[in-house]
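Peer 1: Can you join these two chains into the complex? Each is in its own frame, and there are hints to help.
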Amino acid sequence: MNRIFAQCLKEIVQFRRDRLTLALAFLLPFLTLMIFGGAIRLESKNISLIVQDFDQTNLSRGYIEILYNTNQFVPQKWIGTQPARDAIDQGFAKAAVIIPPQFSRDIQAGRTTNIQVLVDATDVNNARVIKGSIEQVTNFFMQQQGLIPANNTITAQMRLWFNPGRLESLYIVPGTYAVVFWIFPSLLAAIAMVREKDKGTILQVYTSSISASELLLGKGLAYLIIAIGEVLLVMGLGTIIFQVGLVSNPVILIFGTLLFLINSVLFGLLIGVRTGTQDAAVQAVSLVGFTTSLLLSGFIYPLNNIPFPLSLVPNIIPARYYVDITRAVFVRGAGWEAVWWDFLMLIFLGLIYFNISRRVLSRMQLPN
Amino acid sequence: MKFIWRLFDHPFWALVRKEISQILRNKQLIVLLIIPPTMQLLLYGSALNPDVHNLRLGVIDYANVSASRELVSAMTANQVFNLVSVPTSEKALSHEVEVGKLDAGVIIPPDFARKLDQNTAEVQVFIDAVDANTAGIASNYLNQIFQQYNITLATSNVILPISTQVIFLYNPGLISSWFFVPGVMGLVITLIGTIASAVTVVKEKDTGTLEQLLMTPSENWQILLAKILPLVFLLMGDVLFALTLAITIFHVPFRGNFFLFLILSSMYVFVTISLGIMLATLCRSQQQVLLTSFFINLPLVQTSGAIAPIEAMPTFFQYLSYCNPLRHYITIIRGILLKGEGLAALWTPTLILASFATVLLTISINRFRRQLS
Numbered sequence: 001m002n003r004i005f006a007q008c009l010k011e012i013v014q015f016r017r018d019r020l021t022l023a024l025a026f027l028l029p030f031l032t033l034m035i036f037g038g039a040i041r042l043e044s045k046n047i048s049l050i051v052q053d054f055d056q057t058n059l060s061r062g063y064i065e066i067l068y069n070t071n072q073f074v075p076q077k078w079i080g081t082q083p084a085r086d087a088i089d090q091g092f093a094k095a096a097v098i099i100p101p102q103f104s105r106d107i108q109a110g111r112t113t114n115i116q117v118l119v120d121a122t123d124v125n126n127a128r129v130i131k132g133s134i135e136q137v138t139n140f141f142m143q144q145q146g147l148i149p150a151n152n153t154i155t156a157q158m159r160l161w162f163n164p165g166r167l168e169s170l171y172i173v174p175g176t177y178a179v180v181f182w183i184f185p186s187l188l189a190a191i192a193m194v195r196e197k198d199k200g201t202i203l204q205v206y207t208s209s210i211s212a213s214e215l216l217l218g219k220g221l222a223y224l225i226i227a228i229g230e231v232l233l234v235m236g237l238g239t240i241i242f243q244v245g246l247v248s249n250p251v252i253l254i255f256g257t258l259l260f261l262i263n264s265v266l267f268g269l270l271i272g273v274r275t276g277t278q279d280a281a282v283q284a285v286s287l288v289g290f291t292t293s294l295l296l297s298g299f300i301y302p303l304n305n306i307p308f309p310l311s312l313v314p315n316i317i318p319a320r321y322y323v324d325i326t327r328a329v330f331v332r333g334a335g336w337e338a339v340w341w342d343f344l345m346l347i348f349l350g351l352i353y354f355n356i357s358r359r360v361l362s363r364m365q366l367p368n
Numbered sequence: 001m002k003f004i005w006r007l008f009d010h011p012f013w014a015l016v017r018k019e020i021s022q023i024l025r026n027k028q029l030i031v032l033l034i035i036p037p038t039m040q041l042l043l044y045g046s047a048l049n050p051d052v053h054n055l056r057l058g059v060i061d062y063a064n065v066s067a068s069r070e071l072v073s074a075m076t077a078n079q080v081f082n083l084v085s086v087p088t089s090e091k092a093l094s095h096e097v098e099v100g101k102l103d104a105g106v107i108i109p110p111d112f113a114r115k116l117d118q119n120t121a122e123v124q125v126f127i128d129a130v131d132a133n134t135a136g137i138a139s140n141y142l143n144q145i146f147q148q149y150n151i152t153l154a155t156s157n158v159i160l161p162i163s164t165q166v167i168f169l170y171n172p173g174l175i176s177s178w179f180f181v182p183g184v185m186g187l188v189i190t191l192i193g194t195i196a197s198a199v200t201v202v203k204e205k206d207t208g209t210l211e212q213l214l215m216t217p218s219e220n221w222q223i224l225l226a227k228i229l230p231l232v233f234l235l236m237g238d239v240l241f242a243l244t245l246a247i248t249i250f251h252v253p254f255r256g257n258f259f260l261f262l263i264l265s266s267m268y269v270f271v272t273i274s275l276g277i278m279l280a281t282l283c284r285s286q287q288q289v290l291l292t293s294f295f296i297n298l299p300l301v302q303t304s305g306a307i308a309p310i311e312a313m314p315t316f317f318q319y320l321s322y323c324n325p326l327r328h329y330i331t332i333i334r335g336i337l338l339k340g341e342g343l344a345a346l347w348t349p350t351l352i353l354a355s356f357a358t359v360l361l362t363i364s365i366n367r368f369r370r371q372l373s
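First to last, the protein sequences are chains A and B. Each step along the first sequence adds one to the number in this note's numbering, with nothing skipped, and position 285 is 285. Each step along the second sequence adds one to the number in this note's numbering, with nothing skipped, and position 135 is 135.
Don't read these hints as lab results, they were simulated from the structure. Some hints here could point you the wrong way.
Here are some of the chain A residues that sit facing chain B, going by a computed Cβ distance under 10 Å [to be verified]:
1) N114
2) V282
3) L312
4) V313
Derived BS3-like pairs: lysine-lysine, alpha-carbon spacing no greater than 30 Å straight-line [stated by the list, open to error]:
5) K199(A) to K91(B)
6) K91(B) to K205(B)
7) K199(A) to K10(A)
8) K27(B) to K199(A)
9) K91(B) to K197(A)
10) K205(B) to K199(A)
11) K91(B) to K203(B)
12) K101(B) to K197(A)
13) K18(B) to K203(B)
14) K77(A) to K45(A)
15) K27(B) to K205(B)
16) K10(A) to K197(A)
17) K199(A) to K101(B)
18) K101(B) to K91(B)
19) K197(A) to K115(B)
20) K115(B) to K91(B)
Every residue gets a Cβ at the ideal spot worked out from N, C-alpha and C, and that includes glycine.
Bound conformation, chain B alone (with noise of 0.2 Å):
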């Protein structure tokens, strides 16, 4: 017990106290490390919604027969278009699109059924494309419902000779907050990891305490890890509280090992503890610190995948995502949440955000260091 006491007495927990006492006191940062969170994870997790359903649809019946009414009943069977509006004329329709009301509109001509006993019948569709993801998906669907639709007509025998099975693993429900949340937490720990540290740190230089701070007996080293170590555990507290509104508010399933979540997750801690060091050895106060902060998250974030798969981006920032340990740790986060993956899938991304946490903190200690002396 008293060895316990003994290794406690180390000048060193004296600064780690002081730190912490500093952090309690520290308001601002208190609500710093909740609130952002909080709100980023709730609106990114709920706002965000790939879905293509309930698009607008605008019909013109000219031919108005019961094939044709048929063919647009069965457009608009399964939620993906809903009927909004039956113009009178082509030009009320196309002008509806226009101006953004409608998404998509058919037109059945006059001599549709004429044409259909000929088996030359043709139907105008026009779909907005501005939003080219939602019109691929939506075009899709059109397609397949025509094609089932002259199955239907051809022939009596509706089951047709191959039959695609989809199966959608890891998330079989495509619930979108599974694909955005996990993300979220990433881009939530970065922003706060960096902040946090850089405004503890250039808070010393700001004041001119880091002087005194250097006078005490403490190696510099000392003095550093006295800082990282309450905001580890402090940021650590943040990967929790987030992973439990992930799991509690939008239910992402949690299929892998915690503790290698832990593990890894502290690492990336260590990456984002040592961009803010690093951050605040470039700026003298602290609001400098949150302005700079914007040239490094940003990027940081946007190429990451979080919100935007890294699949679909342009092949040259597909390349600079590698530079990006946000993105790893958004791989690793998915794999241990979604798809309940071991370090024998993820040692790659383990690998090179371990290789990111040494290199950073090694950089920042140095340079830390050297402005010390």
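So that you can see chain A by itself, here it is in the shape it has in the complex (with noise of 0.2 Å):
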């Protein structure tokens, strides 16, 4: 016992000394939290977009005014007779509406008129949004016109739940400490690991009566309280900035980041023993854990649009778990019985990091 306290205190004293290490565990979790929280959005505001009204009646005009009063779309000026295809090909808009002539002829004579509606596709999730909102215009129009009834049969009670207002940072924040919290202790944790190999005093570390559970122990001691400090920045930070209040029992999220964070620095010390140079290192949880983070996470698209073998991987992601808490505690407010197999994962795919890391090292060792 007493071997891995000091073993954690020789850590944190090493990592005090080192200032670029030490930027690199506060102001890159802050850096990272800012530019993630903030600039990942999915939904597409102010679609700018053209109509080509052919009609130039009260009636097409009616439409046009609804249509810019979702406050969805900002107008653009184009010249009447050029094909709208233009402005969308040149970057222009990205969505156009043309109104036949015969609009309002056909309205009135009872018959089927076309409007047609191009759309920008490249971004197809905003392609999709797009859609949705100009059929939507179209129905409220046909409603308010008398074309359709006006009073429905059935209605649709809908809410929103969790998130009436449909707020992005409350999707995102939260996924955000998952990538965090994955990425940066588990970075500083395998440098600390590798640097020991680099400059050759893991030599030191084998002739002495150390064991491999032990060194593990102390290190990941070191790295988990360093850990505890950035969660206290990143979270204190975030709740202030993004305004993503706790709205469940705080044990969930205290106890769900501790084994997160246990996995996180795990992780690392994995790299770290796998690896053989720092840079090695660097570039493996860089890339394992932006990659593992990011994309089989659930963080940005839903977990369940991954197609099937691919599918499997975010089983063993503890990301993957951590997202389902952080949403749990943060948006959600459910409690335990949402998150218990989330905690049973974290718990497991810890053992098995750990065992890893323990076998690889203790086979370098020298029997004792």
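Peer 2: Below is the structure:
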């Protein structure tokens, strides 16, 4: 036990001396929080839209008015007769609505009239959003004009749970915590572990009486303490800046975060044990860490959209479980019954990481 | 012939040869050029998918009449919602949404049939809106379905007076990888370009061989140019490699001019190399380079629109992204690949990219030369 604490103390002393790593440990997580939490949004606001009205009647103008009243679109001026396609080709507008010349005549005669909508589908997600909004507008217009029955036989009382204002920050910021607390604690731990090998001091460790588990636990404890410091900083500022507050049992958050940090540090140590140089360790952590926590954790898009063989991988990604936990405590307000599985999996994965690193380290060490 | 040989006799080419053989011997660099781009392209291209489909729906149908059953089947007809659960109580239903087992719940009240005759039937719908984006699209779908169903109830004539024909340009099948893969091509070149160039420069500093290079009769700019040239070729190789992956695996279309793509890509390669050299002048060791590269690459990638569209960002970040060369490069790649745009449509990002390349290259060369003397 004493040896573990001695190792831990040595690590912290070493850590404090290196100014670059210090900056890396606290400045970078904060920067990541600001950029990920601040910049990543999925739904476009203020979509630039042009309307070509070949009808020019009160009816068509009424339609256009409703279109712009949705506050989703920003009107763009486009010279009357030029093909609307050009505006989208040139990136001048994201969408174009073309009202045909016979628009009002057709409606008055009871014939179906076609409104053509061109959408720049480069960004697939927002192409879908634009389509939905314009169809919604058309429906509303038809009801308003009495073209379809105005009072619905069936009304859907729709409620959006947990996030009635559909604030994207509530979705992105808790996910960002998972990315930040996955990358940086593991990066520091990996560097610390591999540094011993790089500098050759690992040989001294091998000849000393400290065992592989003690070495891992000592180093792990040191970086767990540092990681807790990171959490306090990042979550504190995140709560203040992005107004994402705790809505559930704080005990879940505290234990979940601790478990996740342990996983993250152990993952870092594992990478440190497996790689030979500091550069390789940094590369491995950033490549594996970012791709898994960004892409396979459900941070950006729903997990069940991942195609089959790849969809098995998130099951062994700790960040995926931590995203569940942070969204449960920061947005859903759910209790233990929603997260117990995530806790079990985090414990299980942590044990696996620890055992692999211990085995690799013991194999290198001379038997006593 | 002799003239050409004389041209290559210049000591400058000896330097280039030295750099090339050094790079070829550096196995780590070769691995860096191949493994991360492959992994990133494959993962980003297949894991990121904004589709809204197979949302899990739970329904309590207290009415259980043919109209209510029809309504439920209308909701689940087009794969957006899948009926996965039929709980017995409202409490059970809301609990399943709370713990994340369901994405949406529908409650059809017992008096549904009676109210339907009076045209005042109400149905309760709730959607898990933690994922604001998906919830928005899903609620739009549901509204549409209800609208449609109301019309079929009200009139025998199902043909709508106005139909909106939506045409999706450039990506009619809404294949999500077509959006992400060109973005990730830019991302990959950025990450590798900055790190590879910084590492090759800082290595000489680290091992102290830079002083030896200075003793040779070569000029400073020759030393630097000899370092840059092989890197440009390697990185252009990476660009083509990424493009091949994009086309063969993800079937991303290439609708524009290939030479324009090559020229503009090489311009961006110069930008990343200059960023790398700048990074190297700030650092003393390879490890410092790798760690400080986070400070540059992270904001560069995340404000570029590679993953999350720029139009969706808050205004502040939208303006910030104009100062990001990667943003302009990604605009160019998406323009050439998906839209088949030429220089006429792309001249703004091209001009900005060119100025970035010139300014950054000048600054980094100057910094490097100052450090040498």
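Peer 1: Hints first: check each against the structure and report whether it holds.
Peer 2: Here is what the structure says about each hint:
Look at N114(A): its Cβ gets to within about 5 Å of chain B, closer than 10 Å, so that hint holds up. Annotation: V282(A) was flagged as interfacial toward chain B, and the flag holds, the nearest CB pair being 4 Å apart, inside 10 Å. Proximity of L312(A) to chain B is violated relative to the hint, the smallest CB-CB distance being about 12 Å (cut-off 10 Å). Satisfaction of the interface hint for V313(A) is found here, the shortest Cβ-Cβ separation to chain B being roughly 9 Å, below the 10 Å cut-off.
For the hint linking K199(A) to K91(B), the alpha-carbon distance of about 61 Å lies beyond 30 Å, and the restraint is violated. A C-alpha spacing of about 68 Å is found between K91(B) and K205(B), which places the hinted pair above 30 Å, so the restraint is violated. Only pairs whose Cα atoms come within 30 Å are accepted, and K199(A) paired with K10(A) is accepted, the gap being roughly 16 Å. Among the hinted pairs, K27(B) with K199(A) is consistent with the structure: their alpha-carbon atoms are about 21 Å apart, no more than 30 Å.
For a cut-off of 30 Å, the pair hint linking K91(B) to K197(A) is broken: about 57 Å separates their Cα positions. Proposed proximity of K205(B) and K199(A) is supported: the alpha carbons are some 19 Å apart, at most 30 Å. A hinted pair counts as satisfied when its Cα atoms are at most 30 Å apart, and K91(B) with K203(B) does not qualify at roughly 65 Å. Note on K101(B) and K197(A): the hinted pairing is violated, with a Cα-Cα distance of about 46 Å set against a maximum of 30 Å.
Note on K18(B) and K203(B): the hinted pairing holds, with a Cα-Cα distance of about 14 Å set against a maximum of 30 Å. Simply put, K77(A) and K45(A) have alpha-carbon atoms about 18 Å apart, close enough for the 30 Å limit, and the pair holds. Restraint check for K27(B) and K205(B): satisfied, since their Cα atoms lie roughly 20 Å apart, inside the 30 Å limit. Between K10(A) and K197(A) the alpha-carbon distance is near 16 Å, which keeps this suggested pair within the 30 Å criterion.
Restraint check: the Cα-Cα separation between K199(A) and K101(B) comes to about 50 Å, which exceeds 30 Å; the hinted pair is violated. Pair hint K101(B) plus K91(B) holds up; C-alpha atoms about 14 Å apart against a cutoff of 30 Å. For the hint pairing K197(A) with K115(B), the CA-to-CA distance comes to about 76 Å; that exceeds 30 Å, so the pair is violated. Taking the CA atoms of K115(B) and K91(B), the gap is about 24 Å. The hint holds against a cut of 30 Å.
Checked against the numbered hints above, the structure violates hints 3, 5, 6, 9, 11, 12, 17 and 19; every other hint is satisfied.
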